[in-house]
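K.L.:
What follows is the residue order along each chain.
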Amino acid sequence: MRRLLPFPLLTLALLVMWVLLTGFSPGHVVLGGLVAALVSRTMLSLEPEVTGFRPGLAVLRLAALVVADIVRSNIAVARIVLFRGVEHKSGFLHLPIELRNPYALAILAVIITATPGTLWVEHDARRHIILIHVLDLVDEEEWIQLIKHRYERLLMEIFE
Amino acid sequence: MIQAPDLPVWAAIIVGLLLLGGAVVTLIGTLGLLRLKTFYERVHAPTLGTTLGSALVLAASMVCFTVLQSRPVAHELLIGLFVTLTTPVTLMLLARAAIYRDRSEGVLPVPPSSRVPPRDE
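Chains as they are written, first to last, in our numbering: chain A, 1 to 160; chain S, 1001 to 1121.
It should be emphasised that the hints constitute simulated quantities derived from the structure, not laboratory data. Accuracy of the hints is not assured; some may be wrong.
Said to hold, decoys possible - Covered by chain S, according to a simulated footprint, are these stretches of chain A (three or more residues, beta-carbon under 8 angstroms): (1) 17-25; (2) 65-74; (3) 114-128; (4) 131-144.
Cβ coordinates follow ideal geometry from the N, Cα and C atoms, glycine included.
With the hints as constraints, model all of the structure from the sequences given.
P.N.:
The structure is reproduced here in C-alpha cells:
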C-alpha cells in the first residue's frame, strides 16, 4: 500500500478536488482516483520531509477557531478603517515560538497573515523568533499569549 | 446573469444580501488602503476582501447555483481554499520587500534584521 500510494492524504485531497470540480458520478470517482494516484506520485521526486501530521479532532478545532477569529478580526479592522475616532497603535511584535516543524510553521504563517490585523513578516530559525506586524497593538504580552495559547498549542497537537 | 429570473424570491433575497455584504466588506478593505497611514498598516486592509468579502460572495454563488441546480454546490469551497492559501504569500512578499527597503534606508523605525549580526566597528 505504501509503495502504491506514498502520499495517501495528498491522493485523497486531489480526488476530492476532482470530484468537486467535475461533479459527483461513479465514472469521475474512478477517473479522478486514477489521476490522483498517478499525480501524487510526482511528489516522490521532490522527496519531501515527513510531515508528522496527525489527523484528529484538533484539526477541526483549529479550523473552527480560525474561521471565528477571521470574522472577529474582520469586524475589528473594519471599525479601525471606518471610524477615525477608534484609537489604534500599530507596531511590530517579536514572538518567541516553540514550534519547530516547518509545516506547522507554514500553517501558522498562513493563519496569522490571512487574519486581518496581523501579518507575519519573518521567522528567525536560529533564535526561534517570529516578527509580526499588528494593526491594533494595545498590549504586546496579550498578543503573544493569544497566539501561543490559541494556535501554537493546537498546532503542536496536530504536528510532531 | 441570464438564469436569474428563474431564482425564487426568497433565494434572490438571500443571494442579494450575501453579495451586498461581501461587496461592502471588500469596499471597507479598499477604503483602508486610502485611510491608513503607513505601508505596514495598509497591507492589513485588503485582507478584508480576501477573507470575509470573498467568503460572502462565494456563499452567494453557492446558494444561487444550488437553488438553480445547474451545477454542483461545493465548487466554490476550492476557490475559497486557494484564495486563503495564496494571499498570505503576496502579503508576506510585500511586507518583506518593504522591511528590507526600510532597513537599508534606515528612515522608518523598523526592527533590525536578525540574520546579519551587527558588526563591531
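K.L.:
Which of the numbered hints above does this structure break?
P.N.:
none
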